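Using the sequences plus the hints, can you model the full thing?
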Amino acid sequence: MATQRTQLPKSPTGILGLDEITGGGLPKGRPTLICGSAGCGKTLLAMEFLVRGAIQFNEPGVFMAFEETVEELTQNVASLGFDLNDLAKHKKIALDFVYIERSEIEETGEYDLEGLFIRLGHAIDSTHAKRVVLDTIESIFSGLPNPLILRSELRRLFRWLKEKGVTAIITGERGDETLTRQGLEEYVSDCVIVLDHRVTAQASTRRLRIVKYRGSMHGTNEYPFLIDESGISILPVSSLGLEHTTSSERISSGIPRLDAMMGGVGYYRGSSILISGTAGTGKSSFAAHFVDAACRRGERVLYFAFEESANQIMRNMCSIGIDLHPWMQSDLLYIQATRPAFTGLEMHLTMMHKAITVFKPHVVIVDPLNSFVVADNETDVKAMLMRLVDFLKMQQITGLFTSLTAGGDAFEQTDVAISSLIDTWILLRDIELGGERNRGLYVLKSRGMAHSNQIREFLLTNHGVELRDVYVGPSGVLTGSARLAQEAQEQAAQVMRQQEADRKRLELQRKQAQLEAQIAAMRAEFAEQEADLLQNIEQERVRESLLMQEREEMAQSRKADAETNQHKAGMA
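Counted from 1, the sequence shown has number 78 at position 78 by my numbering; the numbering is strictly sequential.
Treat the hints as calculated values from the structure; they're not laboratory data.
Any given hint might turn out to be false.
Said to hold, decoys possible - Here are the simulated DSS-like pairs of lysine-lysine, each with C-alpha atoms no more than 25 Å apart in a straight line:
id	residue 1	residue 2
1	K212	K28
2	K89	K164
3	K91	K162
4	K382	K354
5	K212	K164
6	K92	K162
7	K164	K92
8	K91	K28
9	K91	K164
10	K164	K28
11	K382	K445
12	K162	K28
13	K28	K92
14	K212	K162
To be verified - Across the chosen pairs, the derived CB separations fall in these ranges:
id	residue 1	residue 2	range
15	G298	R198	57 to 65 Å
16	Q75	E307	18 to 26 Å
17	S230	K89	56 to 64 Å
Please read these numbers as outputs of a predicted model, since none were measured by experiment.
A virtual CB, placed ideally from N, CA and C, is assigned to each residue, including glycine.
Next comes the structure, spelled out in structure tokens:
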């Protein structure tokens, strides 16, 4: 029999992504140390933990600040939608500012933090607080130059917080070679979270890492996090497994003849689709067709654009007969347009993750992928996209990505080398023939379905993408003028065949008329001869009848019958 394991009690933070990383929240009734350099978000994370605890979990809290006044704290977090004055009015949160000046502290052999404990204990008791934040620990111990007293008071502070049964967050500044300046807090804390704010290739990224968590499993990687108007959101995944479910449902690409190339029913729902090609081949147009088809089905679409603004995309798509304005107005489509250089890769991924979580789309468009490639960061871009594709598949969201490929012969590869992550890959390319360039496409791969192996020419018309019929000549697929010439030749040949058939038909009709005339003449001749013969026969019959009649009349006149009868009777 499997033994039942006892789970460590935890206090949920309510911060997007953090509870998933920590396995449910921070250790309940124990202190947690959050350390990091200036500007990495320590105070904000601690304040959000307190506010969300009061609002979402009905756990009052105490925030004791040593660097910012109550007025400054209230103003700083108001932009995030946190009304500290209202929470304090309803005794959900108690705010206290303690000013400590080292020059005013007189150190004695019996010096301790008893006054701080009394003040903090009163705040906890008056609000029945379950959560406590001390910001920052360096300010508390700035007046203790004696390291022995400092260490003793540190241990006493953490022990006192545990005895009060509150879930505490203590913030601290990073040291030169230690997590904190004192180098002791991380050892007496039950949970240690390190925040980092670094700049790479002129793009800044904030990251979070759980260094230790006593009595609980937790994520050990570095996780990028975002600070925006709604607070902190953390990307909880650095690499998802291959345990996502799959769907057999098929959805249209928005182009019927392209659907026909993939079995007549389009893409699999929840799959990843890549449309790659050189500049000007129509990648965004194919994406717009897919967007339009999804919105017509009543599905929500989230469009991440990294080269064009939302208005520019909608204007350009109107030129091929696709009007995206109604879908924007009906909240079925949202276009989030940002420059790749706006922030780092991790932050882009975090922003996309949050937007997907909030908007809850059925389809996600990323246009284009290669905008993230700068210098030699292909490996980082591929890692980022792998995490995005895995996240979309976990949510059963269909993802369509566009990618610009360089000219030359290397069409069947991408700048970020993500072809192995893609389920369906459609390649668009220019076909140069007869002194002109035309557009063609083919399905390079499509997992789990039969698909066409033909190269198809397509046109961008005022009613969208139009796939043309395949014309194959001695040199291969014909496009553009060569295709038109081939069509003209075939049409001319068809006209000639039709004319020849008409000529033969007329010849047949003429011969039939001649034959029928001959038959009519023969019938007329036969009828004439038949009439003569019948007339002769009738004349002979009449003549014979008249002859017999004359004989009878002659015999009667001579009474030959009576004499004959008497002679026959005498002989008897």
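Verification of the supplied hints:
Pair hint K212 plus K28 holds up; C-alpha atoms about 15 Å apart against a cutoff of 25 Å. Distance hint between K89 and K164 is fulfilled; the C-alpha atoms sit about 24 Å from each other, no more than 25 Å. For the given pair, K91 sits about 23 Å from K162 by alpha-carbon distance, which is consistent with the 25 Å threshold. Our distance criterion of 25 Å between C-alpha atoms is met by K382 and K354, whose separation comes to about 20 Å.
At roughly 22 Å between alpha-carbon atoms, K212 and K164 fall within 25 Å of each other, so this suggested pair holds. Restraint check for K92 and K162: satisfied, since their Cα atoms lie roughly 21 Å apart, inside the 25 Å limit. Annotation: proposed proximity of K164 to K92 holds, straight-line Cα distance about 18 Å (limit 25 Å). Under the criterion of a C-alpha separation no larger than 25 Å, the hint pairing K91 with K28 is consistent with the structure, at around 21 Å.
At most 25 Å may separate the alpha-carbon atoms for a hinted pair to count; K91 and K164 meet this at roughly 19 Å. Annotation: proposed proximity of K164 to K28 holds, straight-line Cα distance about 12 Å (limit 25 Å). A distance of roughly 20 Å separates the Cα atoms of K382 and K445; the hinted pair therefore holds under the 25 Å criterion. Distance hint between K162 and K28 is fulfilled; the C-alpha atoms sit about 10 Å from each other, no more than 25 Å.
Restraint check for K28 and K92: the C-alpha separation of about 18 Å stays at or below 25 Å, so the hint holds. Pair hint K212 plus K162 holds up; C-alpha atoms about 18 Å apart against a cutoff of 25 Å. Against the hinted window of 57 to 65 Å, the Cβ-Cβ separation of G298 and R198 comes to about 43 Å, which falls outside the hint. Between Q75 and E307 the Cβ separation comes to about 38 Å, which falls outside the hinted range of 18 to 26 Å.
Between S230 and K89 the C-beta distance comes to about 23 Å, which lies outside the given range of 56 to 64 Å.
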